[in-house]
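With the sequences and hints as input, model every part of the structure.
Chains E and L are the protein sequences, given in the same order. Residues 203 to 571 in my numbering are what the first sequence spells out, letter by letter. Residues 104 to 386 in my numbering are what the second sequence spells out, letter by letter.
For the record, the hints were derived by calculation from the structure and aren't laboratory data. Backbone N, C-alpha and C fix where the C-beta goes; we use that ideal spot for every residue, glycine too. Among these hints, one or two may not hold up.
[To be verified] Only part of the chain E face toward chain L is listed, based on derived beta-carbon distances under 7 Å:
| no. | residue |
| --- | --- |
| 1 | Thr378 |
| 2 | Leu382 |
| 3 | Phe384 |
| 4 | Thr423 |
| 5 | Leu425 |
| 6 | Leu429 |
| 7 | Leu501 |
| 8 | Ala541 |
| 9 | Ala552 |
[Said to hold, decoys possible] Distance windows between CB atoms, simulated:
| no. | chain 1 | residue 1 | chain 2 | residue 2 | range |
| --- | --- | --- | --- | --- | --- |
| 10 | E | Asn319 | L | Thr276 | 29 to 37 Å |
| 11 | L | Thr214 | E | Ala466 | 53 to 61 Å |
| 12 | E | Ser454 | L | Ser298 | 33 to 41 Å |
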Amino acid sequence: MSDKPAAPAPAAGSRASMKKELPEHFKAYKHVWVLVEQERGQVHPVSWELLGEGRKLADQLGVELAGVVMGAAGTGTLEAAAEAFAYGADLVYLVEHETLRDYRNEPYSKAMTDLVNAHKPEILLLGATTLGRDLAGSVATTLLTGLTADCTELAVDADKSLAATRPTFGGSLLCTIYTLNFRPQMATVRPRVMKMPERQEGRTGRVVPFAPDLSEADIVTKLLSFLPDRTSTKNNLAYADVVVAGGLGLQSAENFQLVRRLAATLGAEFGGSRPLVQKGWIPSDRQIGQTGKTIRPKLYIAAGISGAIQHRVGVDGADMIVAINTDPNAPIMDFAHVAIVTDAVRFLPALTDAVARRFSPHTRDRIAG
Amino acid sequence: MHIVVCIKQVPDSAQIRVHPVTNTIMRQGVPSIVNPYDLFSLEEALRLRDELGGTVTVLTMGPPTASESLRKCLTYGSDRAVLLTDRFFAGSDTLATSFALAQAIRKIGETFGAPDIVFAGKQTIDGDTAQVGPGVAKRLDLLQLTYIQKIVACDPEARTLTVERRAEGGTQTLVTRLPCLVTMLEGVNQVRRGSIHDALRAARAEIVTWSAKDAGIEDVTKCGLRGSPTVVKRVFAPAPRSEKAAAVPVSGKAAADADALIDAILARQPSLEADLTHLAAGI
Chain E
203 MSDKPAAPAP AAGSRASMKK ELPEHFKAYK HVWVLVEQER GQVHPVSWEL LGEGRKLADQ
263 LGVELAGVVM GAAGTGTLEA AAEAFAYGAD LVYLVEHETL RDYRNEPYSK AMTDLVNAHK
323 PEILLLGATT LGRDLAGSVA TTLLTGLTAD CTELAVDADK SLAATRPTFG GSLLCTIYTL
383 NFRPQMATVR PRVMKMPERQ EGRTGRVVPF APDLSEADIV TKLLSFLPDR TSTKNNLAYA
443 DVVVAGGLGL QSAENFQLVR RLAATLGAEF GGSRPLVQKG WIPSDRQIGQ TGKTIRPKLY
503 IAAGISGAIQ HRVGVDGADM IVAINTDPNA PIMDFAHVAI VTDAVRFLPA LTDAVARRFS
563 PHTRDRIAG
Chain L
104 MHIVVCIKQV PDSAQIRVHP VTNTIMRQGV PSIVNPYDLF SLEEALRLRD ELGGTVTVLT
164 MGPPTASESL RKCLTYGSDR AVLLTDRFFA GSDTLATSFA LAQAIRKIGE TFGAPDIVFA
224 GKQTIDGDTA QVGPGVAKRL DLLQLTYIQK IVACDPEART LTVERRAEGG TQTLVTRLPC
284 LVTMLEGVNQ VRRGSIHDAL RAARAEIVTW SAKDAGIEDV TKCGLRGSPT VVKRVFAPAP
344 RSEKAAAVPV SGKAAADADA LIDAILARQP SLEADLTHLA AGI
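Here it is, written out as structure tokens:
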């Protein structure tokens, strides 16, 4: 909700050059922290992706990487800490308390704020999940520091400050944001945007316990019940190896069936660009892009998708991007690996046939016989 | 019940274009709309008012033209609209925005009665940060309920609110105390059309317009660019891949082109052949 992108770029740049020496009381802020999002014994994979990214930042800064594990004792917190070491953490702040059994804003934001004030990190990264976004906004406001949401790239600048890049203007451009003269520098990153690091078996580190000053009696909001999602109702778009997606170039909701047919033949997941969700052609959990799902498949086929930045940042992690589009000058041609300039509506049925002929064992056997 | 709903006027992002040469945003002629996420919160506020009685005040911070969006909210049936507008607010990031909105909500409380619930949109379609709602809650020391898919019960006598919240991996049912701040999930309701009566009233309604000073903000260094810890250093379009996409020639015969495309994919990434065979066998 920042209004700042509206400011002309040169003015913003001149303000960035106002960056002066960090106030004395912030100089003690050192090290990179990542929230290890753990609930009911499950760690959200975005935490490992962030540890991978945090490792790079910490190495460039020459500081330590810490994971922050919060929860009730005996609910998988120690296992999460051990995993954090395997994914690159040097130490883990272990914050255990009965009030942290399920996520609630009050105890989590108080515990995190107190931990930051006690141990003073220079960078604090959280996943842009419902938990991470809820928590990050509260913590940053309490600490009166800067928070950059949904970053697609994190880097350390020449003067060692965090350069956080994210889409702006509804995803039509990118911008790089700094937190001037305040600490910690906070950022959230969406799942699958950063690469999953290699797990290093046997890697260990220090556990630093932190006893939060919490009491259930002080917490107003109470959890009455928790109903877990039935996994069968959720699609696997974010983690699929092959994804086929359609855009406005398909011209009609009926034609979207062509995308589904190709996906079914490939054994792939299907999705679409934002306008298709707005038009009601596909449900919102099938949206691919900055405000939908970020994907990292081995093969991504985009049919009739022009490739606005907000879409690009959601698919840039794909190993191979294939564009089918009538417009040779569409932005997607700038980041596709293989492209064919043709009408997706006419081409998809032929591609589906060819895939069936070449990869489906049943069809192949029949041809061979 | 007094319910305050924070909204934002945003450019209709579906219609924003980037200048192909200068890479700058072409804002001219892009229509403004009420941030679509805010309407789910507004509808929930109006529904609660209709059930429990009371008033709904809509609030926005923005340029004077943002009054258009406030008027739109009046046509949906909101009772009152407050516009917070001042040059001191220009260039606010989310921290500075939450400061200004929180001050305005305090002033609304003093002027029109303390709010029982403050609603905000889950996020905006232009900033997409989802930070201002939680920021306002923290500034006002309100209990915070984000990603709400259903308001199960609101008891103004007992001062309790029961909600279903979308959490990671499931749905939480939470009960909290009023006053609190709520952001609704998208798609959980559909904003009403509003009556003819509301449309007529909205056309004539006076929009309460406050400067920073009117809203009781004494320290303007906490507003706008000066009050923002973050700064945008660079706005840019991403670079094309250094390697241009391998273009598959088009023969006009779709079947032949399809084979050529698959050949081009496999030529570039031979390991995909095994992956595709394996996946296709799974069906």
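The hints, checked one at a time:
1. Thr378: 4 Å, holds
2. Leu382: 5 Å, holds
3. Phe384: 4 Å, holds
4. Thr423: 4 Å, holds
5. Leu425: Where the cut-off is 7 Å and the nearest Cβ of chain L is about 6 Å from Leu425(E), the hint holds.
6. Leu429: 5 Å, holds
7. Leu501: 6 Å, holds
8. Ala541: Since chain L brings a Cβ to about 4 Å from Ala541(E), closer than 7 Å, the hint holds.
9. Ala552: At 4 Å from the nearest chain L Cβ, Ala552(E) passes the 7 Å test, so the hint holds.
10. Asn319(E) x Thr276(L): 29 to 37 Å: 32 Å, holds
11. Thr214(L) x Ala466(E): 53 to 61 Å: At roughly 60 Å between Cβ atoms, Ala466(E) and Thr214(L) fall inside 53 to 61 Å, so the hint holds.
12. Ser454(E) x Ser298(L): 33 to 41 Å: 35 Å, holds
Of the numbered hints listed earlier, not one is contradicted by the structure.
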